[in-house]
Every structure is written in structure tokens, then in C-alpha cells.
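Chemist: The chain contents come next:
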Amino acid sequence: MSEYMLEIQNVDAFYGPIQALRNVSMNVTEGQIVTLIGANGAGKSTLLMTIFGSPRAAKGTIKFQGKDITHIPMHEVGRLGIAQAPEGRRIFPSMSVEENLLMGMMPIGEAHMEEDRAKMFAMFPRLQERRNQRAGTLSGGEQQMLAIARALMSRPKLLLLDEPSLGLAPLIVKQILNSLKDIAAQGVTIFLVEQNANHALRLADRGYVLVNGEIRLSGTGAELLANPEVRDAYLGGH
Amino acid sequence: MDFHILGQQLVNGLALGSIYGLIAVGYTMVYGIIGMINFAHGDVYMVSAYLTAICLAILSYFGMVSPFFLIVITLIVTVFFIALYGWSIERIAYKPLRNSPRLAPLISAIGVSLVLQNYVQVSQGAKTQAVPTILPGAFRFGTETEFIQITYIQVLLIIVSFISMAVLTYIIQKTSLGRQCRAVQQDAKMSAILGINTDRIISTVFIIGAAMAGIAGVLVTMNYGSFDFSVGFITGVKAFTAAVLGGIGSLPGAMLGGIILGMSESLFSGFVNTDYKDVFAFSLLVLVLIFRPSGLLGKPLVEKV
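Protein sequence lines correspond, in order, to chains A and B. FYI, in the numbering used here the residues of the first sequence are 60 to 297. FYI, in the numbering used here the residues of the second sequence are 1470 to 1774.
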């Protein structure tokens, strides 16, 4: 057994001829919030999707709880206890909020539906108000809440979040990031990808900085916040 | 205006329309889930007509005469084998092309269509086949000279079609399997992230489509009695038209499109001209597409960003 929940070692990934990830190595420790920050196009979302095998890692290994998952089929990754609220939220627009939550339960079956749905509605009351509404009619913030709630419905050990703050009003961003603290407090390990470096690093136990597909820096959240290079590039240099 | 002719043509149209609807389901669901027009679907329907004849022949050989058991057993056996056809066709001809350009599976579908037609021609002969009438008799309403006639087999055809549609709608709307089908249709990659085996769901959709075409095949064969290896083409084109008319990708659309097409064809034959009924049906399609390019119940195509 390894000490890390998720271990990414020397991973390369390509979109056709374009190399998106170069020799990326990073680890997520169980029970922590780990963040990956970087500019647009740095390869952050690619890294999250590579964990699910799309695109597949051309080189290197990805291990989850010591098990090599580099080459397993996409639909089996979720069944191991990894859930993702992906880039662009990707909720099912023609399904109701409840149906979207049900879809989140695919990896574990629908036995805990009542209990877990109540938990999600307690965390995001807005979803309860709109439970029978088509998900495509929700606002951006509500869709993001739904995407996170859907991911949590599979009772994941590891939750991958891809820019949950993107395009949302500051107040909603705060609300969503606060809910991440609650989620982490319930024992879910979180791997958070963000452009909003300030928020993310404050929240995180550990952070990595991705530049042009390569890990440039790593350290605790506080270390990175204090790092002059990070301050210049991602925090507006103040 | 002769009201008994109107009534009669409405009944005929409803029967014809439910058949178009049943077959259109296969086109619309496959299009919804992998964005491909399955040109072999009409020939799957044609194969089911032969399966019906073979099954009826075997049952009669063993001395079965009860219409009820003949119909029920033929339905079950034919649907089972045609589902197997649907599943195998997807496995052999479409699955290996899953990540190819969109044109490749289309050509492959035309290939499957040719293979099925020729395979049936070689194994069953090219001449028109016929099955005996299983359920003779009809209901008659009206006077001695002006009446509406509904044969028992037409009644059966309409009832079985509506039950099949209702069951399918229930499965798609209310069950976990149906939710998975809809999820894969809306976002296949996200469905896989959520642990859905998308290949399995695509197979399931082909099985459902073939099964519905199989039900149509059994009913039509029992209704009209004769068929040959080429019936799949024109029926397939009509059912495809029904699917497009209703909005391809939409399940209620396929049913609605089928009924509208069947009704209008049959009314046109009854009151205007039988020879030009296809012209009328396809003109209707052109008109609908001019004013509603995504079909009656289809959603306008939104370019994904």
C-alpha cells in the first residue's frame, strides 16, 4: 500500500500531435484538499481527464490507492471511488435535477438514494427548490452545485473538481468553496483544479502549479501563496 | 363526402402509421445515441418478416392451430432472434468504427443492408413469399353497403403497437436503464465518467430498435400475408421519413411522425389517388422540414461550444 491516495508518475498525454502533459508527477494524500493551479491551456483539465483515461497517459502511471488505473476503461474508474465534477459542469440538460442526482449513483446502485439526496439538499437548498426542473434551465451556479452534488452521490473517496468557480458571481463562488470545506470535513479527499489561485490556495493543504503541461512548483497552500513567482503570475502581483 | 370511406381510411392509416412508428423508433434511437442513420434497419424489419414465416411454418408443422398461441409464440421467437440480429450487426459492422469519421459507419450500414438482402435472397429465394391468414374475420360498422371494416388482425396490430410504445416509453422515462440511455444520448463521455458502460448501452439501443422492428414485422406479415427480400427498402424509407418528420432523436416524435405519415398516406389514397400516395407523403416531409427543420418534436440543433 502506498501512502498516497492518488499517485501520478511521469505522465505524458497528447491530443493528436499536440503534447498536453509533460512528465507530470504529483500526489494526493488521503483526507487533504490538494489544488492544481495554472493558466488557461496549461493542461489542468487534461490531467483530470487523463485520470479517467481520456486522453490516455502515453507514458507514466496513475495509481489510485496503490492500484494501477492507467489503462482501465473509463467507466470503471468511477466505480473505484473517484468522482468528477468536470470542466463545463456537463450536467444532463434534459433531465430533472433529481434524475441528474440519480445518474450520480450509477457506480454504487440506488440503495442510499433517500439519505444522500437529503444530504445534498441540505448542502445546496437551491437544488431542493428546483428538484423537478430540467437541469438545463438552472443558472450557472446552480448547475455547478448540481455537478458537485451529482459527483458526491457516488460516495466517492476522491472528488475531482474542475474549476468550480468558473464564470460564477463572487458570492456564489464563496458559497461553493465553503461547501468544499464541509465536504472535506466529511472525509472526502478533494483534488481541486482552479484558475482562481487565491481562493484555491487558501483552501488547500497542498498545491501544484502547472505551466505549459509541466509541474513548475509545489508546496503547501501557504508556501505557494507566499511564493513571489506565484504572486506575480497568478495573484495579480500585489 | 363519404364518411364511411373517411372512417375506413383513418382506421387503415392508424394501422399503417403505428407500423411506421414502431420501425421509426429504431432509426430515431440509434441516431440519438450515436448520431448515425442505420440504413440497415429496414432490412432488419424485412428479416423479421421471414423469421415470422419460418416460425409459423414450424409451429404449423407441429400441429399448432390456436391463433392465440401462434401469434404469441411467433412474436416472442421473432423478437428474440431479430434482437440477436440487431446486436450482432452493431457488434460486427458499427462498433469497430466507433471513432471513425461519421461517413464510415454510414457506408458500413449500406453494406449491411446489401448483405442482408442478398443473404435472404440466397437462402430463401427471390420470389414473393406468403403466409396463411391466421386470424380471419373483421368487425363491421355501418349499413350493408356503407360500412367501416376493421379486421381482427388490424385491431391486434394497433393494440400491440400501442402497448409496445407504452412499454418502451415507460422504460426510457422511468427505469434506470432508460435513464442511462438518455444520459448517453445527452453526453456519452460524462456518462462514462459516471460509471456507465456506454458500449453496453449502445448495444441495448440496437437491441431495442431491432425488437420494435421485429414486432412490426410480425404484425405486418400477419396482416398483409406476402413479402419478399426487398420490402425492407420502401418500408425503411417511410419509417425513416416518419422519424425525421417527428424530429429525429425524439421518441414521441417517431410515434407521432409515424401516425401522421400513415394517416396522410391512407387519406390521400382514399380520396385522391393511390399511385401518388408516396409523392404526397414525401412532399409533406419537405413542407414540414421547410418550416420546422428539426421536425415536429425535435429540438433545434445547438452547436456545442
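Since the hints were derived computationally from the structure, they do not count as laboratory data. One should not assume that every hint holds.
Unchecked claim - In silico DMTMM-like pairs for lysine to aspartate or glutamate, Cα to Cα no more than 25 Å straight-line:
hint: 1; chain 1: B; residue 1: Lys1643; chain 2: A; residue 2: Glu158
hint: 2; chain 1: B; residue 1: Lys1564; chain 2: A; residue 2: Glu135
hint: 3; chain 1: B; residue 1: Lys1768; chain 2: A; residue 2: Glu135
hint: 4; chain 1: B; residue 1: Lys1643; chain 2: A; residue 2: Glu157
hint: 5; chain 1: B; residue 1: Lys1658; chain 2: A; residue 2: Glu158
hint: 6; chain 1: A; residue 1: Lys122; chain 2: A; residue 2: Glu135
hint: 7; chain 1: B; residue 1: Lys1658; chain 2: A; residue 2: Glu169
hint: 8; chain 1: B; residue 1: Lys1643; chain 2: A; residue 2: Glu173
hint: 9; chain 1: B; residue 1: Lys1746; chain 2: A; residue 2: Glu157
hint: 10; chain 1: A; residue 1: Lys122; chain 2: A; residue 2: Glu174
hint: 11; chain 1: A; residue 1: Lys216; chain 2: A; residue 2: Glu135
hint: 12; chain 1: B; residue 1: Lys1658; chain 2: A; residue 2: Glu66
hint: 13; chain 1: B; residue 1: Lys1643; chain 2: A; residue 2: Asp175
hint: 14; chain 1: B; residue 1: Lys1658; chain 2: A; residue 2: Glu135
hint: 15; chain 1: A; residue 1: Lys118; chain 2: A; residue 2: Glu66
hint: 16; chain 1: A; residue 1: Lys122; chain 2: A; residue 2: Glu273
hint: 17; chain 1: B; residue 1: Lys1596; chain 2: B; residue 2: Glu1613
hint: 18; chain 1: B; residue 1: Lys1658; chain 2: A; residue 2: Glu146
hint: 19; chain 1: A; residue 1: Lys126; chain 2: A; residue 2: Glu174
hint: 20; chain 1: B; residue 1: Lys1643; chain 2: A; residue 2: Glu174
hint: 21; chain 1: B; residue 1: Lys1658; chain 2: A; residue 2: Glu188
hint: 22; chain 1: A; residue 1: Lys122; chain 2: A; residue 2: Glu158
hint: 23; chain 1: B; residue 1: Lys1768; chain 2: A; residue 2: Glu158
hint: 24; chain 1: B; residue 1: Lys1643; chain 2: A; residue 2: Glu188
A quick note: this is a predicted structure, and the numbers were derived from the prediction, not measured.
Chemist: Now tell me, hint by hint, if it's right for this structure.
Modeler: Here is how each hint holds up against the structure:
1. B:Lys1643 - A:Glu158: 10 Å, holds
2. B:Lys1564 - A:Glu135: 19 Å, holds
3. B:Lys1768 - A:Glu135: 32 Å, violated
4. B:Lys1643 - A:Glu157: Distance ~12 Å between lysine 1643 of chain B and glutamate 157 of chain A Cα, so the pair holds.
5. B:Lys1658 - A:Glu158: 17 Å, holds
6. A:Lys122 - A:Glu135: 14 Å, holds
7. B:Lys1658 - A:Glu169: OK: lysine 1658 of chain B and glutamate 169 of chain A at ~21 Å, within 25 Å.
8. B:Lys1643 - A:Glu173: Cα-Cα ~17 Å, so holds.
9. B:Lys1746 - A:Glu157: Since the Cα atoms of lysine 1746 of chain B and glutamate 157 of chain A sit roughly 46 Å apart, the hinted pair is violated (cutoff 25 Å).
10. A:Lys122 - A:Glu174: Given that 25 Å is the threshold and the Cα spacing comes to 31 Å, the pair is violated.
11. A:Lys216 - A:Glu135: The hint holds at about 15 Å.
12. B:Lys1658 - A:Glu66: 23 Å, holds
13. B:Lys1643 - A:Asp175: 20 Å, holds
14. B:Lys1658 - A:Glu135: 13 Å, holds
15. A:Lys118 - A:Glu66: Holds: lysine 118 of chain A and glutamate 66 of chain A sit about 14 Å apart, inside 25 Å.
16. A:Lys122 - A:Glu273: With Cα atoms ~19 Å apart, lysine 122 of chain A and glutamate 273 of chain A stay inside 25 Å; holds.
17. B:Lys1596 - B:Glu1613: Roughly 38 Å separates the two Cα atoms, so the pair is violated.
18. B:Lys1658 - A:Glu146: 12 Å, holds
19. A:Lys126 - A:Glu174: 30 Å, violated
20. B:Lys1643 - A:Glu174: The given pair, whose Cα atoms are some 20 Å apart, holds under the 25 Å limit.
21. B:Lys1658 - A:Glu188: Violated - the C-alpha atoms of glutamate 188 of chain A and lysine 1658 of chain B are around 28 Å apart, more than 25 Å.
22. A:Lys122 - A:Glu158: Not satisfied, since the Cα-Cα distance of roughly 31 Å exceeds 25 Å.
23. B:Lys1768 - A:Glu158: Distance of about 20 Å is within 25 Å: holds.
24. B:Lys1643 - A:Glu188: 22 Å, holds
Violated hints, in rising order: 3, 9, 10, 17, 19, 21 and 22; the structure is consistent with all others.
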